[in-house]
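Make the full structure from the sequences, and use the hints.
Sequence positions in the sequence shown follow mature numbering (1 follows the signal peptide of the UniProt record, and there is no 0) and run -25 to -1, 1 to 355.
No lab work stands behind these hints, which were simulated from the structure alone.
Be a bit skeptical, because a hint or two may be false.
Said to hold, decoys possible - Ranges between beta-carbon positions, derived for each pair: (1) Val253 to Leu354: 48 to 56 Å; (2) Asp219 to Tyr271: 39 to 47 Å; (3) Gln38 to Pro259: 56 to 64 Å; (4) Trp186 to Glu309: 37 to 45 Å; (5) Pro259 to Gln318: 26 to 34 Å; (6) Tyr271 to Trp186: 29 to 37 Å; (7) Asp219 to Gln266: 41 to 49 Å.
For every residue, glycine included, the Cβ atom is placed at its ideal position computed from N, Cα and C.
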Amino acid sequence: MNTIKYFSGILFALVLMMLPQVSFATEDAGVPAKIWTYPVVYALDQEVTWYFDMTGTNFSEGQDLYLWAWSPSEPDAGNFDNSSEFAKLEYVGDMVWKKTLTPTKYFNTTVANIESSAGFWMRLKGKGNEKQSDVIQAPWSVGDIKTFKESGNAVQIYPEKFYIDQPLSLLVNANLVWTGAVQGGLAGEEIHLHSGLNNFAEGAIVEYQAWIPEVSAKTKLTPIGDNIYKIDFIPREYFGVDEDFVMENIEFLFPAKDWAKVGTAEGGKNFVVLAPGVVAPPDPVFYFFPQKFTQYDILTLVRKNNEKKSQGLIYTIVAGGKTITGEFTGKAEEMRAYVNLLQGLAGATNLDKINLEVKDKNGSEILKTDIPLVPLSDLE
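Right under this line is the structure:
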């Protein structure tokens, strides 16, 4: 026996048994073509808008429709033949209606009661009892939030398949975000989003500017309990990009109020979430040759698979009071630098190592390490 199907059948049967008695003369208008919410993920005590695309049903374009719900409670009980005004939906256009509400207020119950209920079950109907939709369930986020809390992820975008012209919710677990060497340093803070599309591509960036009230409000995340925060947006609208812009990823970090702290992934790295269908780029690879060398050799530095936004790389070598610096050449696929140690370290004696530091031209550190030198005595 398929246990899941069996349980689902029982649940649906129970929901049908909960239906209040209605007139048998009521016409069945059909099933919504699509139901969605904005925000995608919402707390049960915060405002949400439910959207109903009634294309293909027997409802008329633009007619007055009303919400008749019975789970988790029945707000318009006894009024099936003459729905109350508070239950009226707003017509958006193209056979789409919407209802904006706060679940705990609309259903006059608690978060705990909603969470333990069968969910949001309802029909859409006309003012009277002439016509009603099939039984429908509005999406809710109880499972998504619970799954995110238990996932161990610091960030998550819902839905998993998100698109540039559709709503998404970005969830953040402040307990798991890093501030420098401290994990959880953003817990309880006012958190903002500093972000950009396609690795902060020009013209696709929304910075957190604390001194501009409207920008501060736009980038502010909403706490939804247990140090979980979220922000909701449609990427094209939020970043203000053109219709032909192709989204490859969303890159972001989390400044606290007035940049007092900055939340990142481990190691101080920005968070990057790839858009659906985008293949993850190969990780950068750094190496040098020869693997063993003296202070008299020419050292070759190589870095492959550089970031798209990289404007170039700069190296600095320090040894024996001498400093050698220069730039890599090449393209993002592979950049190289050739370092004449004999010339750059001329006059230095008895060296046993060099200190190598590589940064990109944006100032981000790529590498910092000591490399041992082959003693000159080994050449004798």
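Against the structure, the hints:
1. Val253 to Leu354: 48 to 56 Å: For Val253 and Leu354 the Cβ distance comes to about 51 Å; the hint holds.
2. Asp219 to Tyr271: 39 to 47 Å: Given a distance of about 55 Å, which is not inside 39 to 47 Å, the answer is violated.
3. Gln38 to Pro259: 56 to 64 Å: Once the Cβ atoms are compared, 58 Å apart, the range 56 to 64 Å for Pro259 and Gln38 holds.
4. Trp186 to Glu309: 37 to 45 Å: holds (42 Å)
5. Pro259 to Gln318: 26 to 34 Å: holds (29 Å)
6. Tyr271 to Trp186: 29 to 37 Å: violated (55 Å)
7. Asp219 to Gln266: 41 to 49 Å: Cβ of Asp219 to Cβ of Gln266: about 47 Å, so the range 41 to 49 Å holds.
Checked against the numbered hints given earlier, this structure breaks hints 2, 6; the rest are met.
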